[in-house]
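Undergrad: These are the residues of each chain, in order.
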Amino acid sequence: MKTEKTKEAKKGVLKRIAGPVVTAVNLDAHMYDVVKVGKEALMGEVIKIQGDNTIIQVYEDTSGIRPGEPVINTGLSLSVELGPGLLTSIYDGIQRPLAVLVEKMGNFIERGVTAPGLSHTKKWTFKPLVKAGDKIEPGSILGEVQETNIVHRVMLPPNVKAGVVKTIRSGDFTIDEIICILEDGREYPMIQRWPVRVPRPVREKKNPTIPLITGQRILDGLFPIAKGGTAAIPGPFGSGKTVTQQQLAKWSDAEIVVYIGCGERGNEMTEVLTEFPSLEDPKSGKPLMERTVLIANTSNMPVAAREASVYTGITIAEYFRDMGYDVSLMADSTSRWAEAMREISSRLEEMPGEEGYPAYLAARLSEFYERAGLVETLNGASGSVSVIGAVSPPGGDFSEPVTQNTLRIVKVFWALDAKLSQRRHFPAINWLNSYSLYLDALHDWYDKEVSPDWNKIRSWAMEVLQKEAELQEIVQLVGSDALPESEQVTIEVARMIREIFLQQNAYDAVDTFCDMKKQYDMLKAIKLFADFAYAAQIAGVSPSQIIAVKAKNELPQIKFIKDYKPELAKIEKEMDAEFNTLRSAA
Amino acid sequence: MKEYRTITKIAGPLVFVEKTEPIAYQELVNVVLSDGTIKRGQVLDTSDELVVVQIFETTTGIGRDSGVRFTGETIKMPVGHEMLGRILSGGGKPIDGGPEIVPEKRLDITGAAINPYARGMPADFIQTGISTIDGTNTLVRGQKLPIFSAAGLPHNNVALQIARQAKVPGSTENFAVVFAAMGITKEEANYFMQDFERTGALERAVVFLNLADDPAVERIITPRLALTTAEYLAFELGMHVLVILTDMTNYCEALRQIGAAREEVPGRRGYPGYMYTDLACIYERAGMIKGKKGSVTQIPILTMPGDDITHPIPDLTGYITEGQIVVSRELHRKGIYPPINVLPSLSRLMNLGIGKGHTREDHKKVSDQMYAGYAEGNDLRGLVAIVGKDALSERDRLLLEFADLFENRFVRQGYDEDRTIEDTLNLGWEILSTLPVEQLTRIDRDLINKYHPKFRAGAKKE
Ligand SMILES: Nc1ncnc2c1ncn2[C@@H]1O[C@H](COP(=O)(O)OP(=O)(O)OP(=O)(O)O)[C@@H](O)[C@H]1O
Ligand SMILES: [Mg+2]
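Going line by line, the protein sequences match chains S and F. The first sequence maps to residues 2 to 587 in my numbering. The second sequence maps to residues 443 to 904 in my numbering.
Don't take every hint at face value.
[Stated by the list, open to error] Derived Cβ-Cβ restraints for the label pairs, each shown as a range: (1) Ala364(S) x Glu836(F): 57 to 65 angstroms; (2) Gly733(F) x Gly113(S): 19 to 27 angstroms; (3) Gly52(S) x Glu546(F): 45 to 53 angstroms; (4) Gly113(S) x Ala702(F): 53 to 61 angstroms; (5) Ala702(F) x Glu471(S): 22 to 30 angstroms; (6) Phe458(F) x Lys162(S): 52 to 60 angstroms.
Read the hints as simulated data drawn from the structure, not as lab findings. A virtual CB, placed ideally from N, CA and C, is assigned to each residue, including glycine.
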């Protein structure tokens, strides 16, 4: 990772080392300057200035460092390298490519090794899209590179003046070679650098109107997130945050995916690395890895780099958004990010807020989620960043600060529930507590793209589930036989909604992804059963006869069948026939 | 080596030294008492004015007159293949009367993080012979799968049964056990040692013992010594190493004690805010490495204070490990061994190690179906207590019976009973076949036709 701006380098001396936070004296520094700490030149960042003391968080392990060792201020702020080569990469929290680190230092992450985020030797074929004499603005697209199956649009950096193209080159270049010269003499290579803590500018932020289709029934069907929207997925350990996030990374219809493993398990990142290259995008048929950037700063990697990882990730996401792509970003888990802030803050001996978190926790969270959105980019294209953050509340208790502060910002809440996961109801998203504030904004889309009666069927399903929850309270006291007959039917229909529609097995080759058409057909089939059932009940058929209708038992199998249509039609026909028999007998 | 006599403060396990030369963070320190005994410690905080040293033993006998020697290096562990069969103290010194270990290497005990890019994906099914693990919470090589237990429950038996029976079917590769005791009683330790000796496992084991009456602070390094040894055996000598760490609750108590002595702002229930990261640096030292033969599989054991799974120790552990095996007081009271409650138990790597080519194609779905049936049957028990069995529908009555059957046939087994995975899965089908076929919604038709006792080829002929 290299850095922005150039100021004069200054040298200081280490005074104190206690974990990831160190103190230097006699150092001329500004907040968030990147510094090199100690003889091994470990990378760090200035986080506090107090009298002559400069306090630095270090992105690598500080064992063995002594007072008196040098500290050098680069005078630059923490930035990422942006350009062709990002896709399919896996980085640590400060954009060091993990594959390169393996080459340089073996299987374990040692320290003091720097590695640039992008390859500076690889040549890319650059195809210009402007010509000499064209007037270009900040953010303008200069040309493109076929990076993977994704076209990488090379842009003028957003923070420079407009100008007129004097020369534009075409052919094979490294990211450092000049591809564009302006009339005023300014020269630009493909690479640009951007400080991670600063949002990249856009022309305008807009309100989202299109859903991010994920292929997950409970999400698309009941609690959809919009492209450019924000969602939180809190839940106790083992409830399904990571699996849900990975499902989104695999199947959501975003064009680019940025996946941040922030303070979580090493094996989970390996799983993504092993699995993604062999998975295909259901729409394009291309390997999923080709649209993916991974950031892996696992729980046992330095906490300061964990703190930086979400900023590294969102900056990369914004960069692709600026090209006009729909990007989705998963952060697993934002609680570990918050804990990194807490750890650093407590080492700074700052006054703690709630549960020891720093008082600025809420501000940092909202600044982060605010970087999501559907935008008109500086070059006039439409792009979006959707952000889905996992939250890991201690003891699964949602009243804690990270969950609460997150819920104040995000528009979609997918509440995971240990009771559901324990009975292996997956995704273990509680349908009563979860919500999406995008329903109204997306209403028209569903109306047009799915079916004019989709919104009605969705509301019907929610009502049945709500009603079931009320009835269950009674059942717990008196048993189900004591319920009125129509309500016994409702209980059965609700069970079908839960077991057939809501439950979805991420590990089944077919069921793992369910397109909107199939979602609609499945829910509609359940509704068909319900309509038959209530009509039959009014005609005098008993609930036990209704529950015994055989054809409905075949419905769950639909999930596992790819070409489900013939089978579904058959089941619906049989259902009709069985009910006919029942009604005429009643 | 220079010796300082500039101790200015001693508080709990911490010794504060004023010094003259620059001391490294995490440096190993020897404190020399007036009678010549040496106590070891480690630098927690260093500056040009003051060095804070955490002593691994009691600070009894340390005073202003004690000498402090800084060794100039971080803590290293001498390792070698000769360690197999040896018993060491929680601080890494031989206590079995045998010779000092001849080191082949000296390794930093902190252990660097495995680069996620270098990790190999765990996929080898380990058969423990215990149905509730193999069938429903499968362990795979390179996994970290803790046992969540509580005072008075037979977690040691479960751990020993796993250690004794664990094998990868069809493989005869080099294996070893690393056993690290932290703060357990002499009696418990003996129990483990006798079992190791009885089964001959000791020859292939390295044992670290920090017992209840050993210094609490030493527990901070015991698991690190054990894991450094395990990594050496696995990644340098190519062995498949099973690491048992018990009891992690005592480890966390020691961590809390140090935090308090340093007057840190405490996190939940007085445990340090960095406990998640600290535990992760232990638990993440499990796994496989691409291109290397060996593996480190971890089974940490912890006792949940007050049987509370939301207590910070099990909670943070569960957030780091790849699942958990929960030992239940209720099942234990019913006289069921092993009293593993599958509902809160989980193995996250299960899917990688099961199915066609690993165990059997029906594995996942049989497991899911049993979970669903048992969960529902278990709920109904509460209802029956209120409304009586007669108020149940036929469907519910069968589920209720299924729950009993599950506990008595599937969960219950002998301490020495070693079930193959086929036995376990067939047993699963057997109890599932008491439910109507159309209720098996988690299993696809093809599998039902192939494995369900009523439809299996043999059964059809009737
Ligand atoms: N949609 C799903 N389909 C099938 N199984 C699932 C699904 N979601 C979760 N699971 C199961 O639940 C387990 C735990 O899920 P996951 O690892 O996502 O939990 P988590 O909430 O991320 O936990 P932690 O906070 O500890 O990381 C998975 O290993 C898997 O077995
Ligand atoms: Mg997770």
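Undergrad: For every hint, state whether the structure bears it out.
TA: So, going through the hints one by one against the coordinates:
1. Ala364(S) x Glu836(F): 57 to 65 angstroms: Holds, at about 58 angstroms.
2. Gly733(F) x Gly113(S): 19 to 27 angstroms: Since the Cβ atoms of Gly733(F) and Gly113(S) sit about 24 angstroms apart, the hinted range of 19 to 27 angstroms holds.
3. Gly52(S) x Glu546(F): 45 to 53 angstroms: 50 angstroms, holds
4. Gly113(S) x Ala702(F): 53 to 61 angstroms: 34 angstroms, violated
5. Ala702(F) x Glu471(S): 22 to 30 angstroms: For Ala702(F) and Glu471(S) the Cβ distance comes to about 49 angstroms; the hint is violated.
6. Phe458(F) x Lys162(S): 52 to 60 angstroms: Roughly 57 angstroms apart at Cβ, these two residues keep to the hinted range, so it holds.
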